[in-house]
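*Asks:* Here's the letter readout for the chains.
Number of protein chains: 2
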Amino acid sequence: MKLSLLNSNLKGDFDLIEQELEIAIHSKTKMLNDATVQLLKAGGKRIRPVFVLLSAKFGTYDIHTVKNVAVALELIHMASLVHDDVIDDAKLRRGITTINYQWNDKIAMYAGDYILARSLEYMTKIKQPIAHQILSNAIIEVCIGEVEQIKDKYRFDQTLRDYLRRIKRKTALLIAVSCELGAVAAEVDVQMQRQLYKFGYFIGMSYQITDDILDFTGSEKDLGKPAGEDLRQGNITLPALYAMKNPKLKTLISTINEDTSKKQMDSIIAQIKSSGAIEQSHAISSRYLKKALSILDEFPANRARKTLREIANFIGKRKY
Amino acid sequence: MKLSLLNSNLKGDFDLIEQELEIAIHSKTKMLNDATVQLLKAGGKRIRPVFVLLSAKFGTYDIHTVKNVAVALELIHMASLVHDDVIDDAKLRRGITTINYQWNDKIAMYAGDYILARSLEYMTKIKQPIAHQILSNAIIEVCIGEVEQIKDKYRFDQTLRDYLRRIKRKTALLIAVSCELGAVAAEVDVQMQRQLYKFGYFIGMSYQITDDILDFTGSEKDLGKPAGEDLRQGNITLPALYAMKNPKLKTLISTINEDTSKKQMDSIIAQIKSSGAIEQSHAISSRYLKKALSILDEFPANRARKTLREIANFIGKRKY
Chain H
1 MKLSLLNSNL
11 KGDFDLIEQE
21 LEIAIHSKTK
31 MLNDATVQLL
41 KAGGKRIRPV
51 FVLLSAKFGT
61 YDIHTVKNVA
71 VALELIHMAS
81 LVHDDVIDDA
91 KLRRGITTIN
101 YQWNDKIAMY
111 AGDYILARSL
121 EYMTKIKQPI
131 AHQILSNAII
141 EVCIGEVEQI
151 KDKYRFDQTL
161 RDYLRRIKRK
171 TALLIAVSCE
181 LGAVAAEVDV
191 QMQRQLYKFG
201 YFIGMSYQIT
211 DDILDFTGSE
221 KDLGKPAGED
231 LRQGNITLPA
241 LYAMKNPKLK
251 TLISTINEDT
261 SKKQMDSIIA
271 QIKSSGAIEQ
281 SHAISSRYLK
291 KALSILDEFP
301 ANRARKTLRE
311 IANFIGKRKY
Chain B
1 MKLSLLNSNL
11 KGDFDLIEQE
21 LEIAIHSKTK
31 MLNDATVQLL
41 KAGGKRIRPV
51 FVLLSAKFGT
61 YDIHTVKNVA
71 VALELIHMAS
81 LVHDDVIDDA
91 KLRRGITTIN
101 YQWNDKIAMY
111 AGDYILARSL
121 EYMTKIKQPI
131 AHQILSNAII
141 EVCIGEVEQI
151 KDKYRFDQTL
161 RDYLRRIKRK
171 TALLIAVSCE
181 LGAVAAEVDV
191 QMQRQLYKFG
201 YFIGMSYQIT
211 DDILDFTGSE
221 KDLGKPAGED
231 LRQGNITLPA
241 LYAMKNPKLK
251 TLISTINEDT
261 SKKQMDSIIA
271 QIKSSGAIEQ
281 SHAISSRYLK
291 KALSILDEFP
301 ANRARKTLRE
311 IANFIGKRKY
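Line by line, the protein sequences give chains H and B.
Quick note on the numbering used here: the first sequence kicks off at 1 and runs consecutively.
Quick note on the numbering used here: the second sequence kicks off at 1 and runs consecutively.
There's no promise every hint is true.
If several chains are the same, the list does not tell them apart, and a pair holds so long as it fits within one copy or across any two.
Simulated pairs of lysine to aspartate or glutamate, DMTMM-like, Cα-Cα distance not exceeding 20 Å [as the list claims (entries may be wrong)]:
no., residue 1, residue 2
1, Lys-221, Asp-105
2, Lys-262, Asp-230
3, Lys-273, Glu-148
4, Lys-151, Glu-18
5, Lys-168, Asp-84
6, Lys-151, Asp-84
7, Lys-125, Glu-141
8, Lys-317, Asp-62
9, Lys-28, Asp-152
10, Lys-106, Asp-89
11, Lys-127, Glu-187
12, Lys-30, Glu-148
13, Lys-30, Glu-187
14, Lys-106, Asp-84
15, Lys-198, Glu-18
16, Lys-151, Asp-34
17, Lys-28, Asp-162
18, Lys-41, Glu-20
19, Lys-106, Asp-152
20, Lys-221, Asp-62
21, Lys-91, Asp-105
22, Lys-248, Asp-62
23, Lys-45, Asp-84
Read the hints as simulated data drawn from the structure, not as lab findings.
Everything numeric in this text was worked out from a predicted model, so none of it was measured.
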């Protein structure tokens, strides 16, 4: 998400959040600090803070209040990335070596725990009890999703529903909650909180499906890892599920395991790409996006709505 | 901690907490549920709930309020055990196979995350904002402690101060916070909250030192793991630190690594035991216990104080 996309009047607030993230992950324990700083420096789109701030714009916007929600949510996301990289034995994230690869799985486990703990500290600054319930439920669902993801690895007979439930927990839920908690912190009325949650959910689903498409269509340079890496790791995403509707491709894809060579993967990816699966996946992503946009139509016509629409349209077309 | 030690009027409340722990760790995801149920069934002394309930007795005791604090704290403790077992490559805990050993490190990582998330859910039921701040700070310190523990492994030149700081974060802090939060939930006055925190801190220090002594003096049957296992794993505890004041023993102990044989370990343990280090460690443990008991003297003379004194004395003498 390029910041140029956003209203320039939010630039200062985003800089503030970036500074706060630096403060949040600091530790006097050098090894821990080195690990978390490296993660922060690898950057990221910071889409959760973006949604928190924009959602708060529909209520009584006070950056010093919503900042805490934005930082807490980005930290939860970062903590989950660190633990995900352990599960996936990932070497690179955004072109930077992962904590598990540069140090080891154990340091990564505790670095993730530490970042999560820091996020809780920021949440304690939010006074509404409902915010805490929403957040703890979200963390529980994210954890369940992560275990389900391990279980579903290389399970080639899984359904579209399994996939959708998985990406809800993996991505959509935390984006939905970002919108909802931004609204809660700004004391937006309950009906609108609910609508912002739904908007975030639809955007999140579309966003993750696009991400999963890019794993097939993106360049190694843009992805920061080889194309098709998700599938080789056993993460079966929407394009693979559509491709497997073709029995021949299903047989071929079902042979994939950790030892599948790059050459074999390249051939499988090419066949998935020419099967129509990418276009079908795009259609589903677009359907979610449309639902998100139609919710926006009901919102008051302010600058935040305009920016949310720009972001939604960007997500539909993004190439990285 | 045998429940017979406790006033029989608390028995019903402890049963309630045990039931609530079962509800808390339940998951529809079978693998996750199997893992957490196994952990719960392995039991434990539940000393954190004991301290929460007894501390609450100094204020407006309502089991339906303090229950949430007790469950949250026991779950945080359980989550940290699961992640600790990953770090230590532990095969057994209380004679039952660990999650990392029966499944794998990754499942254990997420099982720990899941249990921690559940604990947050219970905490959301506590209305006092200060309770949330106390708890998130405690989790942060526990995480830092765990990273420091990795860093300090096999570091034979560490000081007594390094050790004391480590066990504060590892054990004493969560027991101190159990006392403090029990008091907060029962709206005990602030001065008394502070005293209960200090009581818990001293008890926790004494408790962990006794635990570290038992690693040398306990039987394999009582410990659920071979004696001296901590030291072989590179965790340098108080008896080892005292033994190393003798230069010959220091040279010998400094040779320990993961490949040290059982026979070599048995010989080293025997030499530590005859060096006077166990007695010196007991003296330190007793000093902390005495401080805890002297705080109790200032408390109102009720049944809870009597039970806390019994527990303190039990901790000083325990053999398992």
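*Asks:* Hint numbers the structure violates, sorted upward?
*Replies:* The structure conflicts with hints 1, 3, 4, 8, 13, 15, 20 and 22, although it agrees with all the remaining ones.
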